[in-house]
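J.: Residues per chain are reported as follows:
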Amino acid sequence: DAKTTQPPSMDCAEGRAANLPCNHSTISGNEYVYWYRQIHSQGPQYIIHGLKNNETNEMASLIITEDRKSSTLILPHATLRDTAVYYCIVRPTPADNYGQNFVFGPGTRLSVLP
Amino acid sequence: DTGVSQDPRHKITKRGQNVTFRCDPISEHNRLYWYRQTLGQGPEFLTYFQNEAQLEKSRLLSDRFSAERPKGSFSTLEIQRTEQGDSAMYLCASTGGDRGRSSGNTIYFGEGSWLTVV
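Respectively, the protein sequence lines represent chains A and B.
Under our numbering, think of the first position of the first sequence as 391, with each following residue one higher.
Under our numbering, think of the first position of the second sequence as 322, with each following residue one higher.
With the rest of the complex left out, here is chain B:
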């Protein structure tokens, strides 16, 4: 358990429905990331927050996707009008510095939220 919590772990939805995933990062971490991973592929970057500010968005993040981090703590990722191609695991990760060692800031991942669109 890395301390990054994601909910729900699994979601099955019908095409066209909206879904929302929640991520609770490690409490002292100010940076939060969302990634998407399909079967057989490595995780792909979607978006990045520093505190409540969304500083980066991948071109993978279509206008049906929206992410928020209103108070700089937990984050939500909403997918509107889901399509079958949205079926994937959605990973949240956080970082905020490695105590006692100068480094590149280790990113810690949650267990992911699996989405199946039928």
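Chain A extracted, bound-state conformation:
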């Protein structure tokens, strides 16, 4: 079973920031938070990951709460092409790097509206 819970769907206006929440209340100290997205009929695309600190890259920002029990993926200026299903996954370090530990839940379907 997935170790994360996400809202099933969200809408966002084009050009506005999209804030996608994820709860991972049972996360353990060696588990990273990963975000992927999947645009219709394509393979999942890596977005960003983090352990404790907030992270930013060219695609998004990841805000992890101090207790690490939840996180938020931020797309600063959403475009129509950001419409996709967004998956939040917690994953152990390489020592426990097995497929069984990389579990996708149903994700959040983000619709960016014009």
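Keep in mind that the hints were calculated from the coordinates and are not lab data.
Between beta-carbon pairs, the in silico distance windows are:
hint : chain 1 : residue 1 : chain 2 : residue 2 : range
1    : B       : R343      : A       : Q435      : 17 to 27 angstroms
2    : B       : R343      : A       : I429      : 20 to 30 angstroms
3    : B       : S348      : A       : Q432      : 19 to 29 angstroms
4    : A       : Q432      : B       : E399      : 15 to 25 angstroms
5    : A       : N409      : B       : T359      : 23 to 33 angstroms
6    : B       : S348      : A       : P482      : 19 to 29 angstroms
Some chain A residues well away from chain B (every beta-carbon gap over 10 angstroms; in silico):
hint : residue
7    : K393
8    : S399
9    : R406
10   : N413
11   : S418
12   : R458
13   : S460
14   : I464
No residue lacks a Cβ here, since even glycine has one placed at the ideal position from N, Cα and C.
Following the hints, put chain B in place on chain A, whose structure we already have.
T.: Only chain B this time, still in chain A's reference frame:
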């Protein structure tokens, strides 16, 4: 393009036929995964290789499914005696470490191979 290639991208087959999918991972990656995804669901783990060794198999991988990675590079996933319930997208992914940053090893996915069993 993540660098993980899958072939064919689409396959339509009659029930009872055998099908084979190929995955070419990112060249320096030693770990390879197969997932299956049906409409409206997230990807489900099938099997995992480290180099040529198949270290993990999901209970979803029935005895009609076999995966190989003979030289630790490309991998094949064969489905024998296909059934309509096998219709899905089959995803391959690979990982081998993130350069310059200690992390959980980012997994990169291919575009998937769609199977339709009629």
